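Let the sequences and hints guide you as you build the complete structure.
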Amino acid sequence: MKILYFAWVRERIGKAEEDIDVPASVATVAELAAWLSKRGEEYAHAFVNPKVVRAAIDKTHVRPETSIRNAREIAFFPPMTGG
Amino acid sequence: MSFAVRIQREPFDAAAESARLTKGRTDIGAVVSFTGICRADEKGEAISALTLEHYPGMAETEIASHVEEARTRWPLAGVTIIHRYGRMVPGEDIVLVATASAHRDAAFAAAEFLMDYLKTRAPFWKQVELASGKVWVEARSADDLAAERWNEKSAAE
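These protein sequence lines are chains A and B, in that order.
Read in order, the letters of the first sequence are residues 802 to 884 in our numbering.
Read in order, the letters of the second sequence are residues 551 to 707 in our numbering.
Warning: the hint list may mix true and false statements.
[What the hints assert, rightly or not] Restricting the straight-line Cα-Cα distance to at most 20 Å, the calculated cross-link-like pairs of lysine to aspartate or glutamate (DMTMM-like) are: (1) A:803 with A:819; (2) B:593 with B:563; (3) A:860 with B:618; (4) A:860 with B:642; (5) A:852 with B:694; (6) A:816 with B:603; (7) A:860 with B:619; (8) A:852 with B:693; (9) A:852 with A:820; (10) A:852 with B:688; (11) B:684 with A:820; (12) A:852 with B:698; (13) A:860 with B:610.
Rather than coming from a laboratory, the hints here were simulated on the basis of the structure.
Bear in mind that the values here come from a model prediction, so they are computed numbers and not experimental data.
Listed below in structure tokens is the structure:
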């Protein structure tokens with residue numbers, strides 16, 4: 802699964818994207834964030850306050866409880882500050 | 551009908567974009583053009599530059615979906631949205647929202663609706679350069695409230 806990171810989530814993790822084999826037991830966006838945060842200090846730092854981190858599946862905003870089944874691309878990022 | 555969303559690094563010409571919306575048309579009575587400009591301060595601290603990061607692909611589709619939403623709410627003859635990314639200095643234009651309609655009510659409302667949604671839903675992130683270093687701009691709860699009031703309006707209708 803392709804995972805993308807933006808802004809300070811990207812900076813904390815230290816990479817913009819990666820391909821990861823996610824176990825089938827990880828079912829939702831929130832579970833994926835929790836699973837990632839156990840991969841190392843940099844991930845734990847990025848997801849230290851998981852409620853702040855937003856997500857998109859295949860370039861569409863999703864909620865923490867959304868299933869990641871069939872997702873090709875999942876992005877994690879802070880609240881948006883464009884405009 | 552002219553509906554365009556552009557995500558680009560290059561500067562834009564707001565006046566030329568508004569003129570393009572009405573060129574050859576005699577049914578458009580109102581154009582509202584909003585330009586967001588890079589200020590020289592963030593929360594009272596001087597900044598030397600601003601860098602906008604974005605999610606390529608999602609930025610275009612997310613903004614386009616809100617243009618479609620605006621078209622279902624108001625009788626619009628045209629919309630142009632341009633959002634820049636990359637590094638810019640105070641005084642440079644960041645974003646343009648231009649809306650065209652027969653009458654001003656729709657053009658004003660649609661421009662405000664689109665800006666409110668751009669602020670909270672379009673995947674862009676601002677980082678400013680302060681004397682003390684680079685800092686990510688924090689999202690403002692006032693922007694969330696501004697976007698949410700459009701949901702209340704549709705719920706009340």
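Hint-by-hint comparison with the structure:
| no. | hint | in the structure |
| --- | --- | --- |
| 1 | A:803 with A:819 | holds, 6 Å |
| 2 | B:593 with B:563 | violated, 28 Å |
| 3 | A:860 with B:618 | holds, 17 Å |
| 4 | A:860 with B:642 | violated, 28 Å |
| 5 | A:852 with B:694 | holds, 15 Å |
| 6 | A:816 with B:603 | holds, 14 Å |
| 7 | A:860 with B:619 | holds, 18 Å |
| 8 | A:852 with B:693 | holds, 18 Å |
| 9 | A:852 with A:820 | violated, 24 Å |
| 10 | A:852 with B:688 | holds, 15 Å |
| 11 | B:684 with A:820 | violated, 29 Å |
| 12 | A:852 with B:698 | holds, 19 Å |
| 13 | A:860 with B:610 | holds, 10 Å |
Hint compliance for this structure: hints 2, 4, 9 and 11 are broken, all remaining hints hold.
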